[in-house]
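Chemist: One letter stands for each residue in the lines below.
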Amino acid sequence: MSQDPKNLHADLLRRRLLAGGALAGASLALPGALRQAWAQSPITVGIIYVGPRDDFGYNQAHAEAAAQLKKLAGVKVVEEENVPETQAVQKSMQGMVSQDGASLLFPTSFGYFDPHMLAIAAKNDKVRFAHCGGMWTEGKHPKNTGSFFGYIDEAQYLNGVIAGHMSKSKKLGFVAAKPIPQVLRNINAFTMGARSVDPKITTNAIFTGDWSMPVKEAEATSSLSDQGVDVFTMHVDSPKVIVETAARRGKMVCGYHASQAKLAPNAYLTGAEWNWLTAYTRIVDAARTGKPHPNFVRGGLKDGFVKSSAYGAMVSEGARKNAEDIRARMLAGTFDIFAGELKDNTGKVVVPKGKSFKQTDLELEGMNYLVEGVIGKA
Amino acid sequence: MKHSTLESLALPVLALAGGLGLFGLFIWFDGHDPVQAWSLLFIGAFGDAFSLQNTLQRAAPLMLTALCVALPARAGLTVIGGEGALVLGGLACAALPYAMPLPTGAAGTLLLLLAAAAAGAAWIALAGWLRQWRGVNETISSLLLGYIAIALFKHIVEGPLRDPASLNKPSTLPLEESLRIGTMGTWDVHWGLVWGVLLCIVAGLWLLATTHGFATRVVGGNPRAAQLVGLPAGRLIITACALGGACAGLAGGIEVAAVHTSANASLIVGLGYTGILVSFVARHQPLAIVPVAILFGGFLAAGSLLQRRMGLPDASVQVLMGFCFVFILASEALRGRLGQLFVLRQPMPAVAGAPT
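Protein chains in written order, with this note's numbering: chain A, 1 to 378; chain B, 1 to 356.
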């Protein structure tokens, strides 16, 4: 019989206090290096995925970080995949807390936040919740919750630079789920990257309507191929179908979420990948050392939150050099993607001359336009 | 009589045991400990108060979506479009506050649920109408209507009814606090469970104990004969469809009012399709739907624990459910003959399969 949640809580708390007491003693007695090792109490971390862990996409990017997390001493990871954004995820979270003794949860799907994670967080105020997606707002959401996210549009911009060099037809394809700010930001960054190489380039954007629509994704890829598009990228949960379809049609692709190079080694130019381990370890370390829960965690290339896939063999020297130059400026913090004057694809000025947005600017998170050069409607 | 009661209990139990046994073998080949898996399945589904609530919570919407298959089935129709009725029910529930001012509290909630049920009823009645008056196969039409419903849902939620504050997860405006459906006292299960159980019982009584229900069953058995004795077959069929659709619509409304608080794409997770399986396993008997839905909920709840403790992929639960339901459906072939399996030396009966 397992304990009831209340007892378990008390028990966990006791354990944490005991560990804290032991720590205080240890830190007095032990030399620095050993003290460092002791300062981390064991922890059980729960990670929840909305799809399968091996989807070559969003969930795999998280599962890869989880696999690294498991290797850390004193960290126990419990995982659950294919958990829908319903009552099911609330039960999974509560189960991780009361059945597995997890004191830190990573519900990784965007739709887990409201109302599910907030509901469970209210019932378990000793447990920390770190949601992937960036919805946490100071003053509005409790302190034991938080969100982390990455500025992956930087890697999409670099995708665009490579695509711009490699495309012969000057037509690029972007298969996307929904016209929401995050997605629009990626389409825009990709297009601007490509047009920095050649302003004649256009991007055809197609929205499938949902995060996992394999049939529509394949149809979109096929029909864009027919229209002369020769480099593809995407923003859907699993890029697998798009990568495979494009490769079969003899087209090139830039990946997203995780590396899809294995699926199409001869068509895969590069890709925009998450590197969630950076965020995971920062949040786990805070929990183990008893520091306040990091509520608002963001980062881009510079911070190691996102990365690019290794270049495919076919990527030209000139393309690589151009992309690496821009990467160096991004890493140095001297490159802003969304800088004026910037027009949307209806001709309206969306960023005036002389104005430029830093990645951290919250205005970018409400993006509702497609930039000049994108064929499609936001 | 006693013999057949015993048998109708023994058959599903043996079928479940067979499914679990095969599952144990399956994961044993994969290098896992079957005994640990079996005990986790039990703990995860029914082991303690948390697990039991987990199971019941997952079962609640399935009872209602299963009724959407069972009721038309008793009138002779195979309707598999409960998903469409569910999402439109959810949409109607979230949309009603846009259309009219609602009283706060329980009265308002009731109006929301009525709207949800009406939307679901209209959708499945449409499939029934197409079949009765236009000769369109209801299985195909209800399935395709489901896709139309989902497309409509997304168009409306992400278009005219979109809450401007819902940036990256397009949703309708959240329901006002007092209109939401809460949990049952200290239990972490929302009132949707009561609706599910209650409606299963009411539907069971309707079919078994009312003239109207009896007439519906006659139509389901043989519509031609029913018409010959003067039953209004068309009307009875549409009514059964509408009632079934109302249940699925209600499921959608409850999901919105009790879980999501607004209509958004998270509502579309296949509860309507799972309901098809539940109804078929329950042989379209409303009273049997309750335990079957709880069994389903148990599998889902236990699957959660199985993943967390043994690192098994989610697909393993699907495999287990597959094994169990194949066994349950196949065990029907043994109905009336189960006794013979255990009496090896008895001489062969004169007529094979004769009713005992």
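Among the hints, erroneous ones may be present.
[Stated by the list, open to error] Now the in silico label distances, taken between C-beta atoms and shown as ranges: (1) B:D33 to A:Q227: 49 to 57 Å; (2) A:K140 to B:T186: 22 to 30 Å; (3) B:L334 to A:K76: 56 to 64 Å; (4) A:K291 to B:G21: 32 to 40 Å; (5) B:L167 to A:K70: 29 to 37 Å; (6) B:R134 to A:K140: 34 to 42 Å; (7) B:L334 to A:K70: 44 to 52 Å; (8) B:A165 to A:K76: 13 to 21 Å; (9) B:V194 to A:V349: 52 to 60 Å.
[Claimed, not checked] Covered stretches of chain A, as calculated for chain B (at least 3 residues, CB under 8 Å): (10) 75 to 85; (11) 94 to 105; (12) 161 to 169; (13) 222 to 236.
If you're looking for bench data, these hints aren't it; they were derived computationally from the structure.
As the structure is a prediction and not an experimental result, all values here were calculated from the model.
Glycine is no exception: its CB is placed at the ideal position from the N, C-alpha and C atoms.
Chemist: If you test the structure against every hint from before, which numbers come out violated?
Modeler: 3, 4, 6, 8, 12, 13
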